[in-house]
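We have chain R; now place chain X onto it with these hints.
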Amino acid sequence: MFDVEKVREDFPILKRKIDGKPLVFLDSASTSQKPIQVINAIKEYYEMHNANPHRSLYKLCEEATELYENTRKKVAEFINAKHPEEIIFVRNTNEAMNLIAHSFALPKLHNPNEIILSVMEHHANIVPWQYVRDNNGASLKFIDIKKDGTLNLEQLNPNSNTKMVSLTNASNVLGTINPIKDIGKIAHENGSLFVVDGAQSVPHMPIDVQDIGCDFLAFSGHKMLAPMNIGVLYGRKELLEDMEPFMLGSDMIKEVTLEKATWNDVPWKFEAGTPNVEGAVGLSTAIDYLNDLGMDDVRKHEKEITAYALDKLSEIDGLKVYGPTAADMRGGVISFNLAGIHSHDLATILNDFGIAIRSGHHCCMPLMKRLGIPAAARASFYIYTTKYEIDALANALKRSKAVFSK
Amino acid sequence: MNAEAMYNEVILDHYKYPQNFGKLENPNIVHRESNTLCGDVVEIQMKLNGENKISDAKFIGQGCAISQSSTDILLNNIKGKTIENIKNFDKDFILKLLGIEISPARLKCALLPLVALKTAVQKIKS
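So the sequences go chain by chain: R and X.
Note that the first sequence ends on residue 405 in numbering that gives the first Met the number 0; no numbers are left out.
Note that the second sequence ends on residue 125 in numbering that gives the first Met the number 0; no numbers are left out.
Okay, chain R solo, but in the shape it has when bound:
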C-alpha cells in the first residue's frame, strides 16, 4: 500500500528548513531528491568496495565490476530489455542523444534523409539533430502541437526518406504523455527508427521497451532517485553492434597497437574510460526502491497529486496552465503563468515560503516561442509530493498576487 508519509521518512532532505520554513520541493522534473537507501548504498560502496572495474584481478575489483554489471541487468529488467548488453551507461539523457547522433545518425544519414521531431522537445532532443543536419545534409521536420497541448499526429507523415523519428514520451513543460506505442508503429511501418526521450517517463510510470517497440530509449538516473551523472541509453542489440563508438580510448577496445585499435563488444564499446560505479550503485538501489513501491502505484500517486493540483490552481484568477487539462493525459508536471508576474519573480517570492519551483524556458525555447510566452513557472511532483504541499503552493501564489498588486 503506497503511503506518502512513509515514503517521505526515507528522504532526509525533506526535513530541511528554508529560512525556518519546511522545504516544499516541487522541482522533481529537474532532479529528484534521494532516499537514504541510495545515499547509504553509495557510502557503503566507497567504504567497502571501491575499485576501478573491468581491470584487475583482486577482490575489490571483482566486487566493483559485479556491482556495475549487476546494475546493467537490473536496468534491463526494469525497462524489459531483451538483453543486458542493450543497456549503455552514459551521463544523462542529453549524452545518450549525442551518442545516437554521433554513432548512428551522423555516419548513416545523408541528404535527402529526414529526421522527424516535435516542437515540444527538450533542447537535448533538438540540438544534437541540428548538428547532424548541418554536418551530413539530412533534414529535420517538426511536428506541431494542437491547442490542447497534445501532438498533432496528422503531421507525422514519414516518407521513404524518413530514417528516424525521435520524440519525447512525456513533455517536461506541457506534461503531455505522447502515445509512443502508436507513433512507434507508424515509424516502423515506414522503416524508420524510433527514438524515445524517456527522461520524464521512466522515473514516473511503467515502461516496457519491447511493448513500446522503440529502437532507442534515453533516460537519466538523477530524475529517478539516483545520483547525477548516471544515465542510460537502451538500444536494440543489432543496431548497437552495427554502430561505431562515440568516445574513444580505454575500456572500449579489444586490442591496441601503435597503428590501430579494435573495438570491444557491445555495450562496452560505448563506455570509454573509468565508468561511474558510484552512480550505477545508486541507480541500482533507486530501482529497488521504485520496484518496492511498484511503478503502477508511483504513477497512481502522481496522477492523484496532479489532478489535485490542476484543481487547486484553476481556482486562482489570472493563472493559466499549459498543456492537457486531464490528469490522466499528463505526467506530474504543471507549467503555468500568473498574469502580470514574470515566472522568475514568482519563483523568488515562492522561495520565501520554502517552496522550490522552476522558472524560465525549461530548456524548451522553441516550445516557449510556439506558446507565445517568454517563460513559464513549473511545479513538478514525485513519490514524496503531498496534497498539503500543493495547498502551500496555491496559498503562496495567491500571496504573490497580493505582493504584485501593491
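One or more hints might be untrue.
Okay, derived cross-link-like pairs now, DSBU-like style, lysine-lysine, Cα gap no bigger than 35 Å in a straight line [stated by the list, open to error]:
#1 K319/R to K22/X
#2 K57/X to K405/R
#3 K78/X to K107/X
#4 K405/R to K122/X
#5 K400/R to K95/X
#6 K397/R to K107/X
#7 K122/X to K319/R
#8 K42/R to K299/R
#9 K368/R to K107/X
#10 K80/X to K22/X
None of these hints come from the bench; they were simulated from the model.
Okay, now just chain X, sitting in the frame of chain R:
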C-alpha cells in the same frame, strides 16, 4: 532574505508603469542585451547632443520585474551624463539606485541594463 521587500512599491511602479519605455526617433546608439539563462531582454536607445552628453534615452524589453524596473530607473539617471560618466557606472551604482537588497540569484537581472548601457557606449567612436 525577504523577497517581498525586494518587490517594494517603487520597483513595482517602475515595472508596471515604466517612464522610459518606448522607441526614440533617430537614436544615435541602439543596443540590445539579453540574459541567456532566463531570456530577459532589454534594448536601450540613446540620443547624444553636441557635447557628447545623453540628451534622451528609452528602452523596450521583456522580462522580470527586477530587470525591467532596473532598466527604467537607470535610464532616469543617465540623461545629461557624458559617455565618460557612464563608463564609470558600476554594480554598486545600480544597487544604490534600486535601493533594495538583491539576492545573488537575481543580481544578473538587476545588472542587465548596466551591461546593455556599457556595451552600448563602447560602440561610440571616441
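What are the numbers of the hints the structure violates, in ascending order?
Checked against the structure, the hints that fail are numbers 4, 7, while the rest are satisfied.
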